[in-house]
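Asks: Each chain, letter by letter, is given below.
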Amino acid sequence: MKQIFKRPKALVDVPFHFCPGCHHGIIHRLVAECIDRYKLRGSTIGVASVGCSVFLYDYMDVDVLEAPHGRAAAVATGVKRACPSNFVFTYQGDGDLAAIGTAEIVHAANRGEHITVVFVNNTVFGMTGGQMAPTTMEGQETTTTPFGREPGTNGYPIKMAEVMAELTGTTFVARVAVDNPKNLMRAKKVLRRAFETQIKGKGFSFVEFLSACPTNWKMSPERATRRIGEEMVPYFPLGIFKEDNASGV
Amino acid sequence: MKQIFKRPKALVDVPFHFCPGCHHGIIHRLVAECIDRYKLRGSTIGVASVGCSVFLYDYMDVDVLEAPHGRAAAVATGVKRACPSNFVFTYQGDGDLAAIGTAEIVHAANRGEHITVVFVNNTVFGMTGGQMAPTTMEGQETTTTPFGREPGTNGYPIKMAEVMAELTGTTFVARVAVDNPKNLMRAKKVLRRAFETQIKGKGFSFVEFLSACPTNWKMSPERATRRIGEEMVPYFPLGIFKEDNASGV
Amino acid sequence: MAEIEFVKGNEAIAMGAIEAGCRFYFGYPITPQNDIPEYMSRHLPEVGGTFIQAESEIASINMMLGAGATGARAMTSSSSPGISLKQEGISYMCGSQIPGVIINMSRSGPGLGGISPSQGDYFQATRGGGHGDYRTIVLAPYSVQENYDLTMKAFDLADKYRNPVVVLGDALLGQMKEPLRRHKYRKKKGEKDWILTGAKGRSPRLLKSLYLSEGELTEHNWRLYRKYQRMKREIMYKVEFLEGAKLVVVAFGSVARILKSTVAMARDKGMKVGLFRPVTLYPFPYAALDKLSHKVRNFMAVELNTGQMVEDVKLAVGHKKNQVDFYGRPPGSIPSPDELLEEIKKVYNKRVKK
Amino acid sequence: MAEIEFVKGNEAIAMGAIEAGCRFYFGYPITPQNDIPEYMSRHLPEVGGTFIQAESEIASINMMLGAGATGARAMTSSSSPGISLKQEGISYMCGSQIPGVIINMSRSGPGLGGISPSQGDYFQATRGGGHGDYRTIVLAPYSVQENYDLTMKAFDLADKYRNPVVVLGDALLGQMKEPLRRHKYRKKKGEKDWILTGAKGRSPRLLKSLYLSEGELTEHNWRLYRKYQRMKREIMYKVEFLEGAKLVVVAFGSVARILKSTVAMARDKGMKVGLFRPVTLYPFPYAALDKLSHKVRNFMAVELNTGQMVEDVKLAVGHKKNQVDFYGRPPGSIPSPDELLEEIKKVYNKRVKK
Amino acid sequence: MAKVKFREERCKGCGLCVMACPKGILRVSSRINRSGYPVAEVQDMEACTGCTFCAEMCPDVVITVFK
Amino acid sequence: MAKVKFREERCKGCGLCVMACPKGILRVSSRINRSGYPVAEVQDMEACTGCTFCAEMCPDVVITVFK
Amino acid sequence: MYFDCIIAGFGGQGVMVMGNILAYAAIREKKKVTYMPVYGVEMRGGTANCTVVVSDREIGSPIIQRPVCAIVMNLPSLEKFGPRVRKGGLLVVNASLVPEEEIRFRGLQTLSVPSRELALEVGNERLANMVVLGAAVQKSGVVHLRSLKKALYPALDRRYHKMIDMNMKAMDRGAQFVEKGR
Amino acid sequence: MYFDCIIAGFGGQGVMVMGNILAYAAIREKKKVTYMPVYGVEMRGGTANCTVVVSDREIGSPIIQRPVCAIVMNLPSLEKFGPRVRKGGLLVVNASLVPEEEIRFRGLQTLSVPSRELALEVGNERLANMVVLGAAVQKSGVVHLRSLKKALYPALDRRYHKMIDMNMKAMDRGAQFVEKGR
Ligand SMILES: Cc1ncc(C[n+]2csc(CCOP(=O)(O)OP(=O)(O)O)c2C)c(N)n1
Ligand SMILES: Cc1ncc(C[n+]2csc(CCOP(=O)(O)OP(=O)(O)O)c2C)c(N)n1
Ligand code: SF4
Ligand code: SF4
Ligand code: SF4
Ligand code: SF4
Ligand code: SF4
Ligand code: SF4
Ligand SMILES: [Mg+2]
Ligand SMILES: [Mg+2]
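Residue numbers (our numbering), protein chains in the order written: chain F, 1 to 249; chain A, 1 to 249; chain E, 1 to 354; chain Y, 1 to 354; chain S, 1 to 67; chain G, 1 to 67; chain X, 1 to 182; chain W, 1 to 182.
In case anyone wonders, no lab produced these hints; they're calculated from the structure. Because the structure is a prediction, the values reported are computed rather than measured. Accuracy of the hints is not assured; some may be wrong.
Only pairs whose alpha carbons sit at most 27 Å apart, straight line, appear in this in silico DSSO-like list of lysine-lysine [what the hints assert, rightly or not]:
(1) Lys291/Y - Lys246/Y
(2) Lys208/Y - Lys320/E
(3) Lys180/W - Lys169/W
(4) Lys3/G - Lys2/A
(5) Lys272/E - Lys246/E
(6) Lys9/F - Lys208/Y
(7) Lys208/E - Lys9/A
(8) Lys162/W - Lys218/A
(9) Lys350/E - Lys246/E
(10) Lys346/E - Lys87/X
(11) Lys180/X - Lys32/X
Can you build the whole structure from these sequences, using the hints too?
Replies: If you want it as structure tokens, here you go:
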């Protein structure tokens, strides 16, 4: 019998600290698979952000730099400009990237930095206990929208992939989900394309992952995973929003 | 004989500090005309930004608050939330709004704050001596792009009106110019619509003005004014990008 | 209202704020102070107030600047890294003389550090981490009740001096729960004749910090300086076990609270140790300590950092004339009363029993 | 290269940086230091370097953090309000032990203030305006030549201590032109075995400031503290006219430069006045001043602010044992040598001639 | 013939593998592991097709698949 | 019949009014005002239509128009 | 009167609510009280503990190095806090998750509570923490069992008030276990 | 040898370049020099001034309250800096923009230069600043006229080198004016 599914090498063999059913674990593994696939273990510099994924460095068998909350895109700019032949990616949550880090991501994208951004949209600030994120859905209850997000006061859930695609400087922009095997397999392919964009020197690539946070959504992992398809995908449509040279996923 | 053109009352009768031929002066006057037109002199709170327009308060006969560089939209949020019945506007340059203030403007817009943003795009940091702005045109020489803006290093000129229009929270978004009487008359009407948006309680309004900076463009005022139509408008198209209920300008 | 509640330190701050008439809160989440925005988001609407979760700490402080300029009572809260980001805004508020209350439930640094209690932001708070000569009153509670009381007071002081006021707590004071006795806020008198409300029927007003004509800014800075001097009226401190003390321990906030036990233990052991606790960190109670230094020769600063307030103690008592020892425990672990007793013993044996 | 050039202070900094091997510059315009980014944007490409005008000061410091983490020599520059915004980033760089050079050509505060020279950022620079216990070496040039020399030195010190280094000038030192003698940079030895370059053929490296397990961060802070103590080796200061001095004026940077004339004038008038100029503001030359205080009883701090460095002078010489007077001129006007002479006379007459 | 293996001590009992299995042969048992979580298990290994869906969906990389 | 009036001491000689005038009757003279700027002037007031273009375009609100 | 206590276990075992209830009970008895929680990084899972201090007089430190009492709900907590209990102090152990043989501390009173079994008796294994708390209070006497039960009202969110009866039963069962040894 | 001087005028009158040329001339003569510019807020227009200090020895302050010499190119500058010139010092005035009657300072040497007229003679009114500078140097003797002219090379951007001849002529004309009184 042949082993047809195994842990990627670039994923250090330690347990994740994530909550049961948290999609961060899946997304971590997908990133590690890409590092394996493109043999980037020796040339990658990862930029970790502050959020539930702050321990990225404990899990990825590559050089990692910890960025201040929200600044991963600027930090990665410095890294990539200094080491243009290394593979540089950031891994950022929606609080990190779409709230405090808005200016940094918009301008790194607009400059067309040759980096790959893994953006995890779980509609909340996970690590800090489930406060509203810019991506929180209308009506969603969080610890800082106890009566549900009300657009009149809190604004609308921001669609980062669409904003990124609007900027001239971006090369590859997509949104994926890992809430079922089919979406997950598509996400894998999209992530590879994002990696290839950088590897081929084509510029800035951005993949938004819709991700479940069962803990702060106060749902069972199953319920949380289902919510993605039921509530998130209709508002945050999946797909490739921009790419240099199209070729079917 | 009747006086058919006079200085608006809301424009304090002192000389401007602007350079000869600077369009800031025109735009200031248009704002003052709107304050007169809608009788807002007693209810307006202006938020000045840092840039060549920092002395807004010397020129506008209304209450004015000085915001730190880039933060006018956040400051205006605080003002408007505390005084919802006052008319609140910001006046910001492209360095202020589109560089350091990116996060603040994006999120004020996304929250749909009931404020009016007057955005002056002159493709440079005027006040600090003509450095590159996010809006600087490809190939344009500035003091920090001595060999011309090169998108590979510096990215592309950012189209703020289009980015603003993309956000769900905005109500009225337009781009105008004041480089000739025709455009100027159109700009007046557009600015009125922006004012009305707030007055009618309809939400966030944003008007981008293409503006000449003869000094830092190192051009005569005439040449600078002509550049707007020749180089800027083709890249930064004029028009209304978004509005609540359309009605011909 | 006189009923006793059992309340988390962070919540006591939020309650004190609302009771003191705070109707605008602008903040961005950060551990260990999230109970403050969470409480505010739930309870401000009840009193017609506005809670905004801003896109960042920078946006928060600037929203507060905006609200404060209109005369509203407004607050922002954060913890160390977030407070660093507010420094430019605080400098602007001081320069423009706009009041507001800033809560720093500080955590461990430098950098991302950790979420445990820390007093590493003492310099930042008392010297102004931003640019230019400015000061904010800094209040340092050491119990849940003081969290509540001093937050209320912070609003009055901010308005009185038209200046931001910082309440400096830490993870311990924010997470700890204690019984709290709420009380009615008695509004301080005084019209605000400088606020922006629209210039109806009057000439326009302006709030700014830019002063360009020759000498104007110099004068502005002296005016602010004199205001900071006037703040000395607000100096507060608490002492315990001073009778016949041979060694006075100086500490504030959470570590002062822990030392309360330690000093009691020391006294039990017959050591003549006293405790001096500055409640206002700025203005620092220099004069009171100076006076004490004529009776007591030995001082010991204890802090949850590598040595910051100790400089103020030295400035107060004139080291080289008096002994000023220091024990620091930088963040990442909290010293217990027993551990601190050992440290005090060392100093006591060296200085007093020699 | 030995040719003498006539150079603006800001440009001398940029020249020194490039000569010292700085190949990455990240900055955001602000008066009065724009000549630095402008020079860099023109000349870095010539040596294969990269100039990036970032979207903000925060982005700049974080880009520098990124570049520094890979071992590159990188610099950012700004002026007071912009430096306030960098405080969080500086705290992170210290926590993660990433080198880099930060230029603050400071201007007037607080808030927007003005663009004239100022020394209002002394506390921010020497105590760390950000959160947590951290320190950066602070170098204070007082001439165009020193701008150049000390910037070069800053890069060596940053690498040596794996820590950001601040060069604190001001509007005067940035705008002033003087003859400059350039010289070849001699590279300091030393491999960087901690840098991120991709983990080819080795185990991965990690640069971070988060330390969560019990006691780990405490230890990390002490480790940093010991490093800061070691920095004392780098202390620099300059003295003039100390022979038989009865009053020593302590000042740094631009005002020290102005005082050079003043003190000469005082000596001409027969007043026994000396000048002590700290060149490293952190670490501060406490020991040297202390030693001096055994011979001289009277000190006077002069600053372009309302009183910051004077605290260090007091800590050094032990006020209450020695006299420490202060003259401050907050920004908005620049004192002339004559005006300062009047101030020194007042103190001299009170203290020495009494 | 296929086989799935669980690294039980890593399992958090989230049930995503259960959701993912097209054959419906997985369940979260009532067995508790050292970390205090109930662990997933196969009910009918014979029916496994080796589609790897369970492994792909497992956030904690508990499952390996053989065929 | 229309008339334009210049508040000369405010004029900066930028020439935008000149550009704007459909009648081509404005020019920047060689007269220097107190601030050191050459000032604009009308060459042929009779031809003025009172269209206000010059006034609208003047960044320094130098011009008033009567009709 | 002075009492302090560390309560520790997995996140999710309800150790924080135990501490809160104990604190409220002490307040009912007009005592001074402090409560200090410590969380791990993990949002769920991981470990958590809290310290409760009860006294007649004003309380100094809310943090205790060597408590008079420790209530440990799992093995890691036993290992961490067991050795820190003061000589002669009380160690309450959740026997359902901690093997008997691990509990070997000299000079302490130890109380092993088969919490899961007793909770199931009352009706729901999620009541294990209440069982242990009831037992600990009965054993230590820091507050009256009556106060402890009354404390459920202020300590629990209104949403859970319908479960107060169950909780009281569980506390009773714990106390009974101490009394009767089973 | 010690000399200091404030040069002031409208922005755009070229006062900064005057200061630079003077500084370069002094460097050629192996003097120590400092140059300190002060700008107004306006990018163009507004007022500007600079201070040049020349000395044999190391220079202390680059900022001078009471200069030995002031060169004022317009009326506001005369009003501001005229009164600050030291007793017995030199005040050089751009007579083309400053009415004669405004110049009434006691105890100073004053030199009124009809710069515009002289510059037009040389060929271009924009050379007015060079005329004034030539005159000031001739009168004060701070550097040789020769050095001043040579200083044009390093002081001017290469783009303007083709105008150096004209500039030299203007300086000569200024110097000549001092010599011949016309
Ligand atoms: C300057 C600063 N502000 C705030 C924080 C606190 N903080 C840490 S993570 C986080 C948000 C996490 O949310 P997200 O980025 O969505 O990541 P998630 O945990 O949801 O994966 C915040 C606000 C911080 N560390 N630094
Ligand atoms: C925090 C901070 N950074 C930088 C500056 C310096 N600064 C002042 S205005 C300005 C940019 C001005 O450009 P823009 O906003 O385009 O306005 P303009 O002058 O072109 O009208 C900058 C960078 C500042 N005052 N504060
Ligand atoms: S809090 Fe949410 S995002 Fe964070 S680890 Fe838990 S489930 Fe995942
Ligand atoms: S610098 Fe440019 S934007 Fe500023 S006043 Fe002058 S012309 Fe206008
Ligand atoms: S998906 Fe993984 S962690 Fe979740 S129950 Fe299945 S095996 Fe366990
Ligand atoms: S491999 Fe496929 S069939 Fe087998 S257990 Fe996993 S999901 Fe079910
Ligand atoms: S009003 Fe019209 S026609 Fe008359 S001068 Fe002005 S632009 Fe010309
Ligand atoms: S537009 Fe105005 S400022 Fe310009 S030349 Fe005409 S009148 Fe003068
Ligand atoms: Mg998130
Ligand atoms: Mg601009």
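Asks: Work down the list of hints and note, for each, if the structure agrees.
Replies: Hint check results:
1. Lys291/Y - Lys246/Y: The hint holds at about 15 Å.
2. Lys208/Y - Lys320/E: With a Cα-Cα distance of about 40 Å, the restraint between Lys208/Y and Lys320/E is violated, given a limit of 27 Å.
3. Lys180/W - Lys169/W: holds, 16 Å
4. Lys3/G - Lys2/A: At roughly 10 Å apart (the allowed maximum being 27 Å), Lys2/A and Lys3/G satisfy the hint.
5. Lys272/E - Lys246/E: holds, 5 Å
6. Lys9/F - Lys208/Y: OK: Lys9/F and Lys208/Y at ~23 Å, within 27 Å.
7. Lys208/E - Lys9/A: Roughly 23 Å separates the two Cα atoms, so the pair holds.
8. Lys162/W - Lys218/A: The hint holds at about 20 Å.
9. Lys350/E - Lys246/E: holds, 12 Å
10. Lys346/E - Lys87/X: holds, 25 Å
11. Lys180/X - Lys32/X: Cα-Cα ~31 Å, so violated.
Checked against the numbered hints given earlier, this structure breaks hints 2, 11; the rest are met.
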